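Student: As a plain string of letters, each chain reads:
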Amino acid sequence: MKNKDENIKQFLSGQKLKFEDAGFSRKVISRLPERKSYDWVIGLFAFLGSLTAGLVGYYSKSISVVLEIPSFNLNQILIFSGILALFPLGVLCYFMCTNQRSIPRL
Amino acid sequence: MSKSEDLGLIARVNLFGDKNAYNKLVVKHQSSVRRFLMNLTMGDSMWSDDLAQETFIKAYLNLGSFQGISGFSSWLMKIAYRNFCDSLRTKRLETNLDYLENSIHHTSDNHFSSLNLDLNTALKILKPQERTVILLFYMEDQSQKEISKIMNIPLGTVKTHLLKGKEKLGEYLEKTGYEPNMR
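Chains as they are written, first to last, in the numbering used here: chain A, 97 to 202; chain B, 877 to 1059.
Hints listed in this document are in silico derivations from the structure and should not be mistaken for laboratory results. Accuracy of the hints is not assured; some may be wrong.
If you want the footprint, here are the derived chain A segments under chain B, 3+ residues with CB under 8 Å [as the list claims (entries may be wrong)]:
no., stretch
1, 103-110
2, 123-130
Listed below are the simulated DSS-like cross-link pairs for lysine-lysine, each with C-alpha atoms no more than 30 Å apart in a straight line [unchecked claim]:
no., chain 1, residue 1, chain 2, residue 2
3, A, 123, B, 1035
4, B, 967, A, 100
5, B, 1003, A, 114
6, A, 112, B, 900
7, B, 1021, B, 879
8, B, 879, A, 114
9, B, 1025, B, 1051
10, B, 1025, B, 879
11, B, 967, B, 1003
12, B, 1025, A, 112
13, B, 934, A, 114
14, B, 1040, A, 100
15, A, 100, B, 954
16, B, 900, A, 100
17, B, 954, B, 1000
18, A, 112, B, 904
19, B, 1044, B, 1021
20, B, 1044, A, 114
21, B, 934, B, 1025
22, A, 123, B, 904
23, B, 1021, B, 1000
24, B, 967, B, 879
25, A, 100, B, 934
26, B, 1003, B, 1044
27, A, 123, B, 967
28, B, 934, B, 1044
29, B, 1035, B, 1003
30, A, 105, B, 1021
These numbers come from a predicted model, not from an experiment. By construction, the Cβ of each residue, glycine as well, lies at the ideal position given by its N, Cα and C atoms.
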């Protein structure tokens, strides 16, 4: 039985052909439908995150406590919220700028 | 490319719709999928390539449902096998075996058809499910558990098909006087 198994393995591995791509993947990619874009979801969450950061900064004293600043005027709060919003806005810009790349022609 | 690289490319496709990433996946896996389908269709390269293209398109559309529990290649084989079964049904033939036996005489005249004639002749002696199990196990290096998922049959049935397939194929090779180092 072991010999039969070896024979089968040898026979089938000898028949194991390797297919060259030869434009196959290109044909597949050209037939792919466009996927729905959900980039707006990222933008929405970036906006909500920024808004939340701004409101928390404005209505709570937690930021001034953390920074140990005795008083915190509106300008400082707005500046701080703007800095906090940089990250989600940066992410949003990255996603909007790096949309689907085209496949280079062979 | 390792499995983790596959997962990275899949994530890029899912998150960013990156077709370049999907192109890399297709290039990596196209050989095994096309070979599997070529052997299932008994050497019909046109039919098998059509099925292979459909496989990759369906995989792209359902990439979000790939959970990564099994390998990406096993998942592709599952889609390929389903496509093959559906295609066979839609051709409205009386029996699968009749169609596939006839297809040996109608394969397109290409390099692969002539090389694979003795493989197709050997596989002809097996029942369709035995044939599929043997191909997946020996040629596509899938485990019995993976084969069970690919073909959607119990593990015990896979083992039975494998055992019977090995017996028949082993006897056939002995009868034809096959020597392991003949090629």
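Student: Determine for every hint whether it applies to the structure shown.
Tutor: Consistency of the hints with the structure:
no. : hint            : verdict
1   : 103-110         : holds (count 8)
2   : 123-130         : holds (count 6)
3   : A/123 / B/1035  : 37 Å, violated
4   : B/967 / A/100   : 36 Å, violated
5   : B/1003 / A/114  : 25 Å, holds
6   : A/112 / B/900   : 22 Å, holds
7   : B/1021 / B/879  : 18 Å, holds
8   : B/879 / A/114   : 20 Å, holds
9   : B/1025 / B/1051 : 33 Å, violated
10  : B/1025 / B/879  : 18 Å, holds
11  : B/967 / B/1003  : 19 Å, holds
12  : B/1025 / A/112  : 23 Å, holds
13  : B/934 / A/114   : 23 Å, holds
14  : B/1040 / A/100  : 12 Å, holds
15  : A/100 / B/954   : 28 Å, holds
16  : B/900 / A/100   : 38 Å, violated
17  : B/954 / B/1000  : 22 Å, holds
18  : A/112 / B/904   : 16 Å, holds
19  : B/1044 / B/1021 : 22 Å, holds
20  : B/1044 / A/114  : 26 Å, holds
21  : B/934 / B/1025  : 18 Å, holds
22  : A/123 / B/904   : 15 Å, holds
23  : B/1021 / B/1000 : 25 Å, holds
24  : B/967 / B/879   : 36 Å, violated
25  : A/100 / B/934   : 38 Å, violated
26  : B/1003 / B/1044 : 10 Å, holds
27  : A/123 / B/967   : 24 Å, holds
28  : B/934 / B/1044  : 35 Å, violated
29  : B/1035 / B/1003 : 14 Å, holds
30  : A/105 / B/1021  : 19 Å, holds
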